[in-house]
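Listed below are the residues making up each chain.
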Amino acid sequence: MQNSFGRKKVILMFLLPAFIIYTLFVVVSVIWAGYYSLFDWSGVGDKTFLGIRNYVHLFTKDTIFWSTAAHTLVYTIICILIQVFGGLVFAIFLTRITRFRAGLQTLYYVPVVISSVAICQIFTKLLSVTPIGVINAVLSIFNPDLAFMEWISNDALSLPVAAFVEGYKYLGLYMVIFYAALIGVPKELEEAAIVDGANVVQQYLHVKIPYIRPVIVANCVLVLNGSLRSFDISYLLTKGGPGNSSELMSTYMYKQAFTSMKYGYGSAVAMAIVAICLIVGLVFRKITERGDEE
Amino acid sequence: MRAKKIAALALAGVMLISTVLAGCGKETSSGSENNSGNKSAGERKKITALIRGSETSTTYIVLKKLLTKFSEEKGLEPPEFELVSGDADYVTKLQLYINSNALPDIYGCANGALSKAAKDIDSIVNIGDELERIGKKEDMNKAVYDFFKDADDGNVYLFPESLNCEFFLYRKDIFKKYNLETPKTWNEFLELCKTLKDKGEIPLIVAGKENWQLMRYLSFAPWRMTKDQFILDYIGQKEKFQTNTAAKSGAELLYTLGTEGYFQGGFLSTDYTAATDLFFGGTGCMWYSGSGQITQASEMYANGELGFFPVPDVDGEEDMDTNTPIHGGFGTAFNVQTYDDTMKEFFQYMCENYSEACYNDAKVFSPFNDPMPEGLDPMFYDLQPLFEKATDAWVSWDDKLDSATLTNLVDEQQKLAQGKETPEEFEAAADQFIINNSK
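Protein chains in written order, with our numbering: chain H, 2 to 295; chain F, 765 to 1203.
Hints in this document: simulated from the structure, not taken from any laboratory. Treat the hints with care, since some could be wrong.
[Stated by the list, open to error] Mimicking DSS-like on lysine-lysine, the simulated pairs with C-alpha atoms at most 27 Å apart in a straight line are: (1) Lys126(H) to Lys961(F); (2) Lys62(H) to Lys961(F); (3) Lys1127(F) to Lys48(H); (4) Lys1184(F) to Lys126(H); (5) Lys833(F) to Lys1184(F); (6) Lys1184(F) to Lys62(H).
[Stated by the list, open to error] Okay, the calculated bits of chain F under chain H, using three or more residues with CB under 8 Å as the criterion: (7) 853-866; (8) 877-891; (9) 908-916; (10) 965-978; (11) 1174-1187.
[As the list claims (entries may be wrong)] A few chain F positions that, by computed beta-carbon distances, are all more than 10 Å from chain H: (12) Val848; (13) Gly1080; (14) Glu1081; (15) Asn1117; (16) Pro1137; (17) Asp1166.
Glycine included, each C-beta is placed from N, C-alpha and C at the ideal position.
Given these sequences and hints, build the entire structure.
Printed below as a string of structure tokens:
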């Protein structure tokens, strides 16, 4: 067995399908987008070669793009807070209970399998102002003015609300991963901590959470990746509005390419997203690697 | 082992070649095509159509009926429909077909960049000439015909899906309760909104999530005062929002309606379906609607709860006579490269039977001035005088503007309606958009 896995051909056989698919669907697409980004093209008719002018405009004149980058950063932070830390808290909660655990686990996981369209419809109704949705109806019990609180159509709140909905949708997924990691912590470590006089909080803070640190880092990377290129929730819930208040890099790219019919410029935005994702990913990896060495 | 390898390679090769050959030899839905996409004469098997919308859309209902019947009569296979609901998805699909020169026989198309692109590759039939050929040009409503006139050459390349007229629906019972009259001018309209708001009512329902709904308020004054002059001059950079009285009136109107709270709360997150449900569910006093809503309005109208009024005049300005926006909806184009004798026959058949399908199946007004059948909803007969003599069509900014400027204006009008920017700031931004996007 060891020998056969050591053979180059066998390794190649296992790696090749994934490599080919990845190259076809990711690498080729990125190269293709890079090619289009050098043109002015409306999607129909002839393309006009612009060289790097799309990039010059993007990085020097397009203030909306930079605001969408800032929005994406805020969006990502909120998503990490909800999905990673929220997921961890929920997983800890699950490990502490013995009854209804499976039921609750399933319940928390349900939003993950519901489609984004349905989730957005549910939240649109819940947060509705006219007619008053459930959230405002409940809030108005405490303060009648809150009955008219605008969530989705308020430019100060639309971005956090969209991030919250995204966080809510995927929280269950990370909760399950954390739960699996937490129940995998060796009992001996927990018992040793108890013998040393650690209380429950200390057991988690000093033993269990440090033990599952690689899982936390992996989840952070997953959420980071997902949030940086997040599209569906923001687009379906707010369409990036009002104005551009909840516009993310990906929705902006879509609007440029498919709504404004500026395929070349949209491709330049797409390339910028790829570059930003790579940079953020590499920086995050460096930081976490340094943490590992320490 | 070696023989096995050779056999596997040979098998893979055969599969690859057969796949490629199958692809090359694939018959398109409307018959075999040569390399240029043209169909060989006499080989038509079916008629294909690409339609923007769902199975409840007017174009689909009408064309489904007419094409099916025609195909049966001519011994063709049943027609093949491709439906794409989302606007952006549809445009992407159409671009794909235009770029690959593989347009179907019939396709939905807006009057503007897309029809121009189809014209550039010689893939769009001159509908005006065809109507003249079959003697139906004079039978078409003048305003609807006018709506589809090409901005460059004045020809008509698109067939209207129906005659759509737009108007304000209002709650007669609420107006009666407060002894209110329908407004004749925009100042009266704003006073009316103020009165209704003071009485604790929601004056106006708007689907602010839809681009076109807020844009109507922006373009009412320019339309009444200049028809398409302002928007065409704006596109040509001969006119500015900042200096044009009509455009400034439009921006001011949208700003006032939004910031004075005359729209329903959370209007920017209300889509068209939700707005429809709100109004016909009893919320709000007025709603800018159209003949496409007759079915929903029918019951309330019959009970005397609903009335309608046209677009008000701009105070102190010279307004054109037509005050009811009339348009032909999303246009239908015919592919000139597949426009053979069968398609010519179908075009004539379609024109002769279009009104019947509109009234009886789709429940919409026909673009032809044919007499309306008896037994329709009373609203049909009451609305007809609004557009009977209209000669000027509605001017849709979303058709005229380039996509980039339209997208910019849509984002900006939301800020204006929310009061996040003043009309002056909006006007300055709008003037900059057209300059930036023309570069």
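Item to complete: Could you tell me which of the hints above the structure violates, numbers in ascending order?
Response: Failing hints, ascending: 2, 3, 5, 9 and 17.
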